[in-house]
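Enquirer: Spelled out, the chains give:
6 protein chains.
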Amino acid sequence: MRADGRDAASLRDIKIVRNYIKHAEGSVLVSFGDTKVICTASVEASVPPFLRGKGSGWVTAEYSMLPRATHSRSPREAVKGKIGGRTHEIQRLIGRSLRAVTDLTLLGERSVLVDCDVIQADGGTRTASITGAYVALADALRGLVTEGAIEAIPLRESVAAVSVGIVNGEVLLDLNYLEDSSAEVDMNFVMTSSERFVEVQGTAELEPFTVSQMDELRNMAMRGIRQLIAIQNEVLAE
Amino acid sequence: MRADGRDAASLRDIKIVRNYIKHAEGSVLVSFGDTKVICTASVEASVPPFLRGKGSGWVTAEYSMLPRATHSRSPREAVKGKIGGRTHEIQRLIGRSLRAVTDLTLLGERSVLVDCDVIQADGGTRTASITGAYVALADALRGLVTEGAIEAIPLRESVAAVSVGIVNGEVLLDLNYLEDSSAEVDMNFVMTSSERFVEVQGTAELEPFTVSQMDELRNMAMRGIRQLIAIQNEVLAE
Amino acid sequence: MRADGRDAASLRDIKIVRNYIKHAEGSVLVSFGDTKVICTASVEASVPPFLRGKGSGWVTAEYSMLPRATHSRSPREAVKGKIGGRTHEIQRLIGRSLRAVTDLTLLGERSVLVDCDVIQADGGTRTASITGAYVALADALRGLVTEGAIEAIPLRESVAAVSVGIVNGEVLLDLNYLEDSSAEVDMNFVMTSSERFVEVQGTAELEPFTVSQMDELRNMAMRGIRQLIAIQNEVLAE
Amino acid sequence: MRADGRDAASLRDIKIVRNYIKHAEGSVLVSFGDTKVICTASVEASVPPFLRGKGSGWVTAEYSMLPRATHSRSPREAVKGKIGGRTHEIQRLIGRSLRAVTDLTLLGERSVLVDCDVIQADGGTRTASITGAYVALADALRGLVTEGAIEAIPLRESVAAVSVGIVNGEVLLDLNYLEDSSAEVDMNFVMTSSERFVEVQGTAELEPFTVSQMDELRNMAMRGIRQLIAIQNEVLAE
Amino acid sequence: MRADGRDAASLRDIKIVRNYIKHAEGSVLVSFGDTKVICTASVEASVPPFLRGKGSGWVTAEYSMLPRATHSRSPREAVKGKIGGRTHEIQRLIGRSLRAVTDLTLLGERSVLVDCDVIQADGGTRTASITGAYVALADALRGLVTEGAIEAIPLRESVAAVSVGIVNGEVLLDLNYLEDSSAEVDMNFVMTSSERFVEVQGTAELEPFTVSQMDELRNMAMRGIRQLIAIQNEVLAE
Amino acid sequence: MRADGRDAASLRDIKIVRNYIKHAEGSVLVSFGDTKVICTASVEASVPPFLRGKGSGWVTAEYSMLPRATHSRSPREAVKGKIGGRTHEIQRLIGRSLRAVTDLTLLGERSVLVDCDVIQADGGTRTASITGAYVALADALRGLVTEGAIEAIPLRESVAAVSVGIVNGEVLLDLNYLEDSSAEVDMNFVMTSSERFVEVQGTAELEPFTVSQMDELRNMAMRGIRQLIAIQNEVLAE
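Protein chains in written order, with the UniProt record's numbering: chain G, 1 to 238; chain X, 1 to 238; chain E, 1 to 238; chain F, 1 to 238; chain H, 1 to 238; chain U, 1 to 238.
Hints listed in this document are in silico derivations from the structure and should not be mistaken for laboratory results. Positions of the beta carbon are idealized from the N, C-alpha and C atoms, including for glycine. Treat the hints with caution; some may be incorrect.
Claimed, not checked - According to the in silico footprint, chain G covers these stretches of chain F (three or more CB under 8 Å from chain G):
#1 190–198
#2 209–220
What the hints assert, rightly or not - Calculated pairs, DSBU-like style, for lysine-lysine (alpha carbon to alpha carbon, straight line, at most 35 Å):
#3 F/54 - F/82
#4 U/80 - F/15
#5 E/15 - H/15
#6 E/80 - F/15
#7 H/82 - G/82
#8 X/80 - G/22
#9 X/80 - U/15
#10 U/82 - U/22
#11 U/22 - H/54
#12 F/82 - U/80
#13 F/15 - F/80
#14 F/54 - X/22
#15 G/22 - X/54
Whole structure, please, built from the sequences with the hints as guidance.
Expert: Written as structure tokens, this is what we have:
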């Protein structure tokens, strides 16, 4: 039994609220327990310079946390004048995850920029961001179909992400902040609905991990992501 | 009758939800119609260098908008690497407004930093921010009393703000984005519960304004702020 | 009687020297007592991106202080690598004030950039800047007429600015640094020759102010600006 | 047979030259084929603020590429004024890999900063950096023992890294630039001499990958890292 | 005969006005013809970190140009967010020139920061800056003696600077902007009153120069600097 | 006899290794004793904006030091977010030196960017950079001739540089770090094969220098540069 009453293999309470911000082409408020992220998908008519004239679209992401999303206040990156290494890592991860399931050629020469802004953080902000960003992206792409800009939604399959870790020797699913900060090992899996991996990132925070531990973490993550994809499907069917 | 059904002297639907972010000492979600701002008040044990050892506290503010709070997406200031002029103006205004009603000596050598993050913008983000920030500040200061750090809440009175403007020759209260972007004159008033002004800012966007127009704008703003202060009192009494 | 011998309703010694910098299309050295600002107006053949192809011109301003314009030396913004909030506020104010009296359509697709550089500061640098900038702008626009680029000077009326404040309970005109730093209330008025306001900014530095105090400040400012406009006219008639 | 004559499971020609830069406490030139990286380890007497007074040391890394290390010239990050996302990701990875095998408490309150500067790039710059950085770190720590600052070398085991990938459906070890840029899947493994993982990073560049592909990639990487660790041991025994 | 009526070996009209800015410990307006520079010397009670506790003072300089000091407007370095290479070169040169004649030990643990701000540029801004900065520095140091902080003015001798160049094959003294921009060779000499050199900088802009040309340039510069030092002495004797 | 066994008028051991980096159009590793610099010349198809459409090419340079090139580690300029004054000075010097011997019109509308990255520093990094950069530039230009882009190598003559200084009253050639840091006077000469000067920079670090000392320094530098040019010729003839 974990501090918040879950067993080792349970996700936190997962919620995805669609159409959360009225201006955006797609937008959700995603909650993994007390972790809450606003994901908005903005469609833009242009592509980055390296893609111009190549008939392909682009999907990218930016990630940020409100200063008081965290237990103690963190200074704004805008005030520091530069984006930190952790932010860079996470937003690149979100972008790659979304591109892996998008048919960029079908999208045509346009971009979707997904902003993931954490308003309250309690561990797993990057996995909640990817899981919510997929829904915001799907809504924005549906809108393009509705307005006749493209013929079909250019998504090959769906994608979601979850964290797993080893805490006090035990393998746990979907770590909250307290668990995460005492984890020996921390892994994030990004998997598609065809049960294939887009991203795998494992870090030994305190103690390197063995092949068999990696397999156990992977199995638990796969079970969690299957549930997240089911929730995405349910929400998108509303 | 205005586009959203209000008459000239009416506020939009005003909501202030307290305890919106679990980590912050004070936090609200304030809505002025479709304008929504998260205000968090963070108590810090130190003061800026120019106040060290002087027995006085400090209250300051930072302001930002999520990239897709606006109709079309605005680039992040963190990406541009610097904070723009408009942001500077607004956050300095919020800070001065809060300090005007705070007894900084009673606060003792500690700071309260209020973050106002606009998650959806529809005009009047600075006035909604000030009105919400006061409630978040009050909650954070109450917490200091509760935990015995200070004896009484160091607030002399309450403060709220509203915009007024001249649109097509007519004086209107609490402009939404559409009204604001076609206004000839735009004024913001920050007033305390003793009906005294902390800040007055008026700008002729298209056409300079006369003394009598300024008086009319002021009267309408004063009526609006009285209502906002009543709502603050109600919410804080819950 | 004030420390420098003036009575409450008097301006300091005002001087405007035209053609102060030989390269600029318009340039003045403006003095409000010991506050001295070099204002240069530079005509450029282009407009900002948001105005391209719209047949309208643009007037904007930049403001800075030499490091030792102030009593103790202030670090350069170029060394800090960013422009501070106060600078942003002031240069946006100067730009708006000048645009309010300029017919931007008559100006055609060109820009006038007015630089206000304070070489010695003793309070009221922003009001001196606006008052001097108008003269530099007028000279630059005259030059455009002389060289046949436009047919008439695209100025609808003239504009000047002054500060007023409450110091020890007394309403004073055109505060110097010593007065300004002990003022309870500080207001800046920007008014045109038709006695209409372009900008009104009032701040309670120590104590909020009442409606009747605001009226008294406004009356005194209006009298001061009438005198400043008379001086501008005189200088421009030389 | 690969373009450079290797079979799928072979490393490129690996060389580690010790004592390459005379000023540094530890320094190597590491080559993975045509990828060449200078790694220097600098011992500093202080630790970052979050560790001060806690009796623990710190190991961190910085990574950069000379502008013409790559096929076409890349602008310097110093000229752009900020460090890019890829650089951040890589230098954080190197730092975590080294800390995973270092006993920071035994190190005492001092830091080792390892700089990895790529002078010629041909794929695998991050894995070459980690493999070389370990040797530079070991040399710097030996120096601390030699001069009596610490009693034993505070390294629990050794660490090395290699890339693996799927190119045209085939699993390959230690990809060069040409292979890397056409890979469907790209994984980096960081493993210690006890055959435990410090970091695992896998990215589907074109096509998500299955569980069995991940296992195949992992097996090949483990074989490659065993050889790299043997080379490190050999070089350090000289 | 040159365009402005001088012969090859003549300085432009040189003026040094002392006590130009009321706040600064030393300040001058120096003119070399149409080149005008405000030099202020600010005394600060601290020294840079590398000198703390060593009983030595420091003299340094900053240099800047108002945006419209030049024929066409140059963007502010504060707006660009960084100081350019030319500015760096010049301010380092001014600082070294002043330190060469200052007895830093006699100065004690305090700094003098000399700001050279060009308000109008017509060639030779760096040599005018050095020549004026010396007088501002001397005044600031006199002030320290007057207030009893130090016993004697810690200046070993005086220093001034001039430019020389080869234009259309002819060696000219004190080039104005027009001459400077068409010069084949451009040299700046900084010399003390004992006729010794502090700095020599020569650049072949179009054509390398011979030993004998260098000697001719040097002789002419020495004659010019002797005159500048005479003017400094005269002004300081007032 | 100097600390490293040389007499006053001797160069250190000079080595220039061509084709050091495989990607660059020209590249050398140049050593002046323990000072080692990688110089790469990159040919680009464009010219800076101020040269576009004028039928002229451009040669420019960038300079940097690896953090641990120096005795104690220096922070990266990319981390500080800006390039320091010393770097600016040196890279401008290298660029001017190379342009002085290049026929930019013959080069056509293309640029050569020479990067000088110091991997180990022991005094004289700028003079080693210029001497090596010339060889890298020559190789890149030869490549353009070989591929038929231009008809002849657009170099009018060769160029090299050396430092001279006065240490303990004695004039020395090619100072190493130890000598340089205790020098009373430090001069750098850049001279072409026709024995004409491109750049002369002399600085009195401790004590101003006389005309006759300058002549002695110049003679010794000229002898040193003649030897460096002979080595360049030899290396380029291989």
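Enquirer: Indicate, hint by hint, whether the structure satisfies it.
Expert: Going through the hints against the structure:
no. : hint        : result
1   : 190–198     : holds (count 7)
2   : 209–220     : holds (count 5)
3   : F/54 - F/82 : 32 Å, holds
4   : U/80 - F/15 : 33 Å, holds
5   : E/15 - H/15 : 23 Å, holds
6   : E/80 - F/15 : 45 Å, violated
7   : H/82 - G/82 : 15 Å, holds
8   : X/80 - G/22 : 25 Å, holds
9   : X/80 - U/15 : 45 Å, violated
10  : U/82 - U/22 : 29 Å, holds
11  : U/22 - H/54 : 49 Å, violated
12  : F/82 - U/80 : 8 Å, holds
13  : F/15 - F/80 : 33 Å, holds
14  : F/54 - X/22 : 30 Å, holds
15  : G/22 - X/54 : 47 Å, violated
When held up to the earlier numbered hints, the structure conflicts with 6, 9, 11 and 15 and fits the remainder.
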